[in-house]
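Protein chains in written order, with the numbering used here: chain L, 9 to 415; chain H, 6 to 155.
It should be emphasised that the hints constitute simulated quantities derived from the structure, not laboratory data. Just so it is clear, the structure is predicted and the values come from calculations on it, not from any experiment. Check the hints yourself; a few may be wrong.
One side of the interface only, derived from the structure: several residues of chain L facing chain H at Cβ under 7 Å [unchecked claim]:
#1 I52
#2 H354
#3 D355
#4 S362
#5 G370
#6 H371
#7 A385
#8 S409
Yeah, the Cβ is synthetic: ideal placement off N, Cα and C, and Gly gets one too.
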Amino acid sequence: MTNFPVEKIRADFPILAELIRNKPLVYLDNAATCQKPQAVIDSIVNLYSHDYANVHRGVHTLSIRSTDKFEGARTKVKDFINAGHEKEIIFVRGATEAINLVAQSYGKANIKAGDEILITAMEHHSNIVPWQMLCEQTGAILKVAPINLQGELIYAEFEKLISDKTRLVSVVHMSNALGTINPVKKIVAAAHAKGIPVLLDGAQAIPHMAVDVQDLDCDFYVFSGHKLYAPSGIGVLYGKQALLEAMPPYQGGGDMIRKVTFEETEYNTLPYKFEAGTPSIADVVGLGAAIDYLNAIGMDKIAAYEAELLAYATEKARQIKGLRIIGEAEHKGAILSFVLDKIHPHDIGTMLDSLGIAIRAGHHCAMPVMDFFQVPATARASFAMYNTKEEIDVLMKGIESLIEVFG
Amino acid sequence: MFDDLRDLYQEVIFDHNRNPRNFRVMENADRQVEGFNPLCGDRLTLYLKMDGDRIADASFQGSGCAISTASVSLMTEIVKGKTEQEAEDLFTKFHEMTTGKDENFNLEAVGKLAVLAGVREYPARVKCATLAWHTLDAALKNEQKSISTE
Ligand SMILES: Cc1ncc(COP(=O)(O)O)c(C=O)c1O
Chain L
9 MTNFPVEKIR ADFPILAELI RNKPLVYLDN AATCQKPQAV IDSIVNLYSH
59 DYANVHRGVH TLSIRSTDKF EGARTKVKDF INAGHEKEII FVRGATEAIN
109 LVAQSYGKAN IKAGDEILIT AMEHHSNIVP WQMLCEQTGA ILKVAPINLQ
159 GELIYAEFEK LISDKTRLVS VVHMSNALGT INPVKKIVAA AHAKGIPVLL
209 DGAQAIPHMA VDVQDLDCDF YVFSGHKLYA PSGIGVLYGK QALLEAMPPY
259 QGGGDMIRKV TFEETEYNTL PYKFEAGTPS IADVVGLGAA IDYLNAIGMD
309 KIAAYEAELL AYATEKARQI KGLRIIGEAE HKGAILSFVL DKIHPHDIGT
359 MLDSLGIAIR AGHHCAMPVM DFFQVPATAR ASFAMYNTKE EIDVLMKGIE
409 SLIEVFG
Chain H
6 MFDDLRDLYQ EVIFDHNRNP RNFRVMENAD RQVEGFNPLC GDRLTLYLKM
56 DGDRIADASF QGSGCAISTA SVSLMTEIVK GKTEQEAEDL FTKFHEMTTG
106 KDENFNLEAV GKLAVLAGVR EYPARVKCAT LAWHTLDAAL KNEQKSISTE
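Same shape as in the complex, but just chain L:
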């Protein structure tokens, strides 16, 4: 593989040295969540050991140090996705909370009975249910653009579904169940041509490719830290400043206000208007450390390496008799979803676990995708920058052996 320092990277992730059921861990469940490098773990330990206090609240030294680290991480996030300003970076718990925030704040203020919200048939439940809830509250209608048997969005159908009533388009950048990478730039341009804002669910895309929100021109971009080698419990809502300014707050409390009397409250400026209460300070700092770590490697190099891993895994998987890959989009991220003839994904998951291999078996929070492919569930191997061809060989050998055992 082309000069990618995978062994050096692996050494930075302490958990990769664990034995699972007495076998070296082969961690291929990265789409669910990925493991953390020592630099991220250390950043949290260091904060709590040396610099911790509440943010934005004190004049004392520790509060200033803590605030500096916290706001420093916001700048790192801004630069990482090339947002125009720190004000456009809102810290939330994760992609799920970010989508709920947009639905309940932007959605409730701008979407009425009879209006339409357009999503695709490959969305994660977190980009379906918040819109269904909004539709229930407002009488708006959820429209779903179909996918084909390769697991690709049928773009022509999507375009047809953009109507005079469409008020928001919300699309996954990269599908967690199929690996499909959607033509998001084209989607944004098509929606904008009709003046419709677009939310991109970047939960899966963010660890696998360089993301530039200004180039994409999306109105909202959401992702979770835990899939980006950062701690769980922290995520990001990027929103264009003008949209965020006009949106009502999502939750009320401390930090999000400028002035409170019992008669009225003046809200704080961006981004604090959307950050009520004490935030997950250490996790934000951890997210900043993860971004530093990734920048030192380079997102383009990571994308190229993972493309090689996926190509290798796909070629090997195609040679296994009785294995069917679910999701064969032309543009795909490093996810291999598959089913085996007569062997249920849960049995695959348990069997591989006994070999130290962690994969996901289930519906991947995308039940409509499972229905479309008429499978109850799939087995999914999802790769990260620390995975190797050798690990893929272990996986494939495991699959072949379990097929034999089931006979």
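Could you slot chain H with the ligand onto chain L? The hints should help.
Quick look at chain H with the ligand alone, frame taken from chain L:
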């Protein structure tokens, strides 16, 4: 290669998975209940033919993992001819066995269902084994609806 899994995947389980017993739609069933495990998508329909309070016949349709298929296949065999009370008692024992709370559980109490005892070491798989029995329980209580493990 899968030595660690011998207790979970015993040969009997593979056998029932390959050739499930009583795997058919039952015409004129007295009870018909659907069981669903939303976590893994396992789905089964259980049919019972009753003779008074005795289970005269039991069959099923559906798709699931090896553990859940073997469990329902074995169950349809073992409950045939049992009274409702006897079947419920067996469910209670089966439940005790699979949840593994009683370390001194006497495997003889459940007869050939003992091959499923291995799931107690695999908390993620206990529901696969118990789905069949929850469905039977609903059928015996004459709840003509679908039930779910969640
Ligand atoms: C495509 C996609 N969107 C949204 C989410 C939700 O992320 P979280 O659970 O971190 O909020 C996930 C997580 O699995 C995902 O894969």
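Quick rundown of the hints versus the structure:
Restraint check, I52/L versus chain H: the minimum CB separation of about 29 Å is more than 7 Å; hint violated. Taking 7 Å as the C-beta cut-off, the interface hint given for H354/L holds, the closest approach to chain H being about 4 Å. For D355/L, the suggested interface contact is upheld, since its CB lies about 5 Å from the closest CB of chain H, less than 7 Å. A least Cβ separation of about 5 Å between S362/L and chain H falls short of the 7 Å threshold, and the interface hint therefore holds.
Given the 7 Å rule on beta carbons, the hint for G370/L holds: about 6 Å separates it from the nearest Cβ of chain H. Taking 7 Å as the C-beta cut-off, the interface hint given for H371/L holds, the closest approach to chain H being about 6 Å. Because the smallest distance between the Cβ of A385/L and any Cβ of chain H comes to about 5 Å, under 7 Å, the interface hint for this residue holds. With a cut of 7 Å, the hint placing S409/L at the interface with chain H holds, because the nearest CB-to-CB distance is about 5 Å.
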